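Here's the letter readout for the chains.
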Amino acid sequence: MFTFILRIIGIIILAPLAGGMLTGMDRVITARMQGRQGPPVLQPFYDVLKLLQKEPIEVNLMHRFYVYIALIFVIFTTVIMLTGGDILLAIFALTLGSIFFVLGGYASNSPYSLVGSERELLQMMAYEPMVLLTGIGLYYADNSFFIKDIVSAQAPAILSLPGIFLGLLFILTFKLRKSPFDLSMCHHGHQEIVQGITTEYSGRDLAVIEITHWYETVIALTLVFVFFATKAPVSYVFAVLACLLAYFLEIVIDNGFARVKWQLALDSSWIITGVLGTVNLIILSFFR
Amino acid sequence: MNFIKKSPWILHYDGSSCNGCDIEVLASLTPLYDVERFGIINTGNPKHADILLITGSVNEQNIPVVKQLYEQMAEPKAVVAVGICATSGGIFAECYNVVGGVDKVLSVDVYVPGCAARPEAVIDGVVKALGILEQKQKRMRKRKYR
Ligand code: SF4
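In order, the protein sequences belong to chains C and L.
Quick note on numbering: the first sequence equals residues 1 to 288 in our numbering.
Quick note on numbering: the second sequence equals residues 1001 to 1146 in our numbering.
If you are wondering where the hints come from, they were derived from the structure by calculation, not from laboratory data.
Certain hints may be false.
[As the list claims (entries may be wrong)] The following label-pair restraints were derived from C-beta to C-beta distances:
hint: 1; chain 1: L; residue 1: Arg1143; chain 2: C; residue 2: Ile72; range: 26 to 34 Å
hint: 2; chain 1: C; residue 1: Gly35; chain 2: L; residue 2: Lys1128; range: 25 to 33 Å
hint: 3; chain 1: C; residue 1: Phe248; chain 2: L; residue 2: Gly1020; range: 52 to 60 Å
hint: 4; chain 1: C; residue 1: Val41; chain 2: L; residue 2: Leu1032; range: 21 to 29 Å
Bear in mind the structure is a predicted one, so any value in this text is a computation, not a measurement.
All residues carry an ideal CB built from backbone N, CA and C; glycine is no exception.
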């Protein structure tokens, strides 16, 4: 019991550190791709620590409350996933976190964050089906919704779920808030609705949003990890490599594409989900 | 530790500039000068920004805009006037609608001279503003603990 609590505390502390480091590497790699030198790798941490030191501005009472609730749900999801818990519970807790975040956008009454919230909802509509199919597919492959069973299977899940994995890679772009699907808010300055949902947040609240995103990055990559891990410890190395590769791919896509309209985002992700996800599941059901 | 020096986010506002200074401000984002090396980001959102970078003079119509942008920024914050227009009105000083430099409306922390101000000068001005931000933050903390 004691070690379990220690593990949870470790996850809560280490996950955002890993997420922050990834974001920092992302910014350096992005800069190098554009022929710039880029900020130091620790820049995301500097940003967050700076935001924590700034004056808090309160728009209204509920506004910041939603952000903290979203953070709690995202932490909860991270803990479930990294302790090998139920993937369905994780998916729904994550969705709940996102919903609270959207409510935070609506709470401010600023037109920019209203547009951002609306787009965030559309984005959720676009990626949720694929996330659910991922959970279902993993169950079909390994007969369990528990991540600890899935990662200790004989064969890696990717062998039976290549289509679902590709679909997941597609919607990771939404989850990691990368172009072309960064409609609701994005990390680059000067986009068409400025900062979307985060427009009215400043100081500590913005720092919390950033930390939430670090957790979400870890969650997204854990989903990739699950596809490659098996009983053999060596596979964990491959799985981590696969995660890093997937993240790098997202950075390349981020730099290579402009933001698309929401119609295209919704259509393309549903088509991908429909084709890759369901066909994969149908083929899989023949072999069972 | 003061992290504001490591991650100053900028809000760029074009008063009534001729666009010369604006282009130079944007030039400092390009690979040649790359201000992101210092953690500087051009945010376009006053609530996220630490430094208000104003190019061009203030005219009768944008006085409320400039004031509101400044008020929406969270403490500690600094104002940098880029170009001779933002400093004193420059060649537009005689115009019927021009009020003068930014300091007619806000307290300016750093003046960057030049017409147009070179990117090096713009970056230098921002880096000067970092020192001022640091002092302001110290003062802010003192106020909090008193
Ligand atoms: S200082 Fe010169 S370049 Fe800059 S806005 Fe004024 S006239 Fe244009």
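Quick rundown of the hints versus the structure:
1. L:Arg1143 to C:Ile72: 26 to 34 Å: Given a distance of about 32 Å, which is inside 26 to 34 Å, the answer is holds.
2. C:Gly35 to L:Lys1128: 25 to 33 Å: At 27 Å between Cβs, range holds.
3. C:Phe248 to L:Gly1020: 52 to 60 Å: Distance hint for Phe248 of chain C, Gly1020 of chain L is violated at roughly 40 Å.
4. C:Val41 to L:Leu1032: 21 to 29 Å: 22 Å, holds
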